[in-house]
Amino acid sequence: AQSVTQPDIHITVSEGASLELRCNYSYGATPYLFWYVQSPGQGLQLLLKYFSGDTLVQGIKGFEAEFKRSQSSFNLRKPSVHWSDAAEYFCAASSGGSNYKLTFGKGTLLTVNP
Amino acid sequence: GAGVSQSPSNKVTEKGKDVELRCDPISGHTALYWYRQSLGQGLEFLIYFQGNSAPDKSGLPSDRFSAERTGGSVSTLTIQRTQQEDSAVYLCASSSNPYNEQFFGPGTRLTVL
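As given, the protein sequences belong to chains H and P, one line each in that order.
Just so we're aligned: the first sequence equals residues 1 to 114 in the numbering used here.
Just so we're aligned: the second sequence equals residues 1 to 113 in the numbering used here.
Okay, chain P solo, but in the shape it has when bound (with noise of 0.2 Å):
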C-alpha cells in the first residue's frame, strides 16, 4: 500500500510570508507526528496526534506554528510570518497506534529567503 506522502516535496518562501505544508498518513493509522529536520539542531519533534485526542503540541518552536488533523487523517502544518530560521526539511510519520513504528514520509525541504 501506499506510504506517508508529503506536499510540496521543495517549498520556497520569502521571510514574513505563510505556508502551509500537508501530510497524507497511512490509511488507518491513528497516529500522526510532525518533525523537524534542520542541521543546527538535528531531528526534532513538533506535534502529535492520536485519534480525537488533544495534539500533544509541546514541541512547537513558537506561536507562529501551528498544525491541524482534519477526519483523523490529512494534517496540515502551517507556518507564518516565516523567518530564515524556519528553514529545514518537514517530516511527517504516522503509526497504527502509538506503541508501533513510525512510519515517515519522504519530507518537505522548505527555504525561506
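Isolated chain H, as found in the complex (with noise of 0.2 Å):
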C-alpha cells in the first residue's frame, strides 16, 4: 500500500538553529512530493512541491527540500529556524496520472525554543 513516513512526532530546536524534517514513502513509482505547514487552528499551506527534475527544490519561508530517489526520501530543511516556525508539518504524495489524492504523513510538531 501507498504510504509516507515521518519518524518524527515532536522536534524541538532553538531559535537560529538549522531543521531537518524527514520523511520516507512507499510508492510503485516516484510520487509527487509536497510539504504542508499547519499553525495552530489553521488550514495547511503548501511550502514546496517536487514533481519532477531538480532534486533541490526551494520553498516559501526559507525552506528547502531534497527529493532522494534511492532513499525514497523527501527530508524538509532550513538553516536558521525562526521561532514563527514553531507549526506542525506534513509530507505528503500524490500518484499523479488519474489518482491526484493527497497520502499524507502523521506529521511532526516543531517547537521553538528561543
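Worth flagging that the hints you see were computed from the coordinates, not collected in a lab.
We treat Cβ as the ideally placed atom computed from N, Cα and C, and that holds for glycine.
Incorrect hints may appear among the rest.
Said to hold, decoys possible - Computed Cβ-Cβ distance ranges for the label pairs, DEER-style: (1) Gly28/H with Tyr99/P: 11 to 21 Å; (2) Gly41/H with Asp63/P: 30 to 40 Å; (3) Gly71/P with Ser3/H: 29 to 39 Å; (4) Ser80/H with Pro55/P: 14 to 24 Å; (5) Thr5/H with Tyr99/P: 23 to 33 Å; (6) Thr55/H with Arg81/P: 44 to 54 Å.
Assembly of the complex is requested from the two constituent chains, each provided in isolation within its own frame, with the hints serving as guidance.
Structure follows, in C-alpha cells:
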C-alpha cells in the first residue's frame, strides 16, 4: 500500500538553529511530493512541491527539500529557524496520473525554543 | 482573491443527528477534495471531484458519508446518523487542475456528543 512516513512526532530546536524534518515514502513509482505546514487552528499551507527535475526544491519561508530516489526520502530543511516556524509539518504524496488524492504522513510538531 | 472557505467553522451535534458541511472552493478551480483530520488517524482523503467526472469516493469511511458538488463549484459533505468517532476536523481543498497544488480551507471542527 502507498504510504508516507514521518519518523519524528515532535522535534524541538533553538531559534537560529538548523532544521531537518524527515519524510520517507513507499510508492510503486516516484510520486509527486509535498510539504505542508499547519499553524494552530489554521488550514494547511503548501511550503514546496516536487514533481520532477531538479531534486533540490526551494519553497516559501526559506524552506527547501531534497528528493533522494535511492532513499525514498524527501526531507525538509531550513538553515536558521525562527520562532514563527513553530507549527506542525506534514509531508504528503500523490501518484499523479489519474489519482491526485494526497496521502499524508502523521506530521511532525516543531517547537522552537528562544 | 478569496481562498477556500468552509462553514461552519465549528459544529457540535448529538449522536445520531445528521450534519452538513459546506465548502466554497477558489473560483475557477475544477478539482475539489475533502479530507478528515483526526487525532487517531491523521489526515485522510475522503472524496475527490474533478469537473463533471464521476467523483472518487474511495476514501469515504462508511455509507453514512456522502458528498455532492453542485454546478461544479460549492460542495456539501453530509454525515448521517453521526457517531462519536466522526468527531474530527473536516478539511476541503481545491486546485485549478489535478496537476496543481491543492489549496486548503480552514476546516470545520465537528464534535459529536
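Okay, the hints, checked on the actual structure:
1. Gly28/H with Tyr99/P: 11 to 21 Å: Given a distance of about 19 Å, which is inside 11 to 21 Å, the answer is holds.
2. Gly41/H with Asp63/P: 30 to 40 Å: Given a distance of about 31 Å, which is inside 30 to 40 Å, the answer is holds.
3. Gly71/P with Ser3/H: 29 to 39 Å: Holds: the Cβ-Cβ distance is about 36 Å, inside 29 to 39 Å.
4. Ser80/H with Pro55/P: 14 to 24 Å: Once the Cβ atoms are compared, 44 Å apart, the range 14 to 24 Å for Pro55/P and Ser80/H is violated.
5. Thr5/H with Tyr99/P: 23 to 33 Å: holds (25 Å)
6. Thr55/H with Arg81/P: 44 to 54 Å: With Cβ atoms ~48 Å apart, the hint holds.
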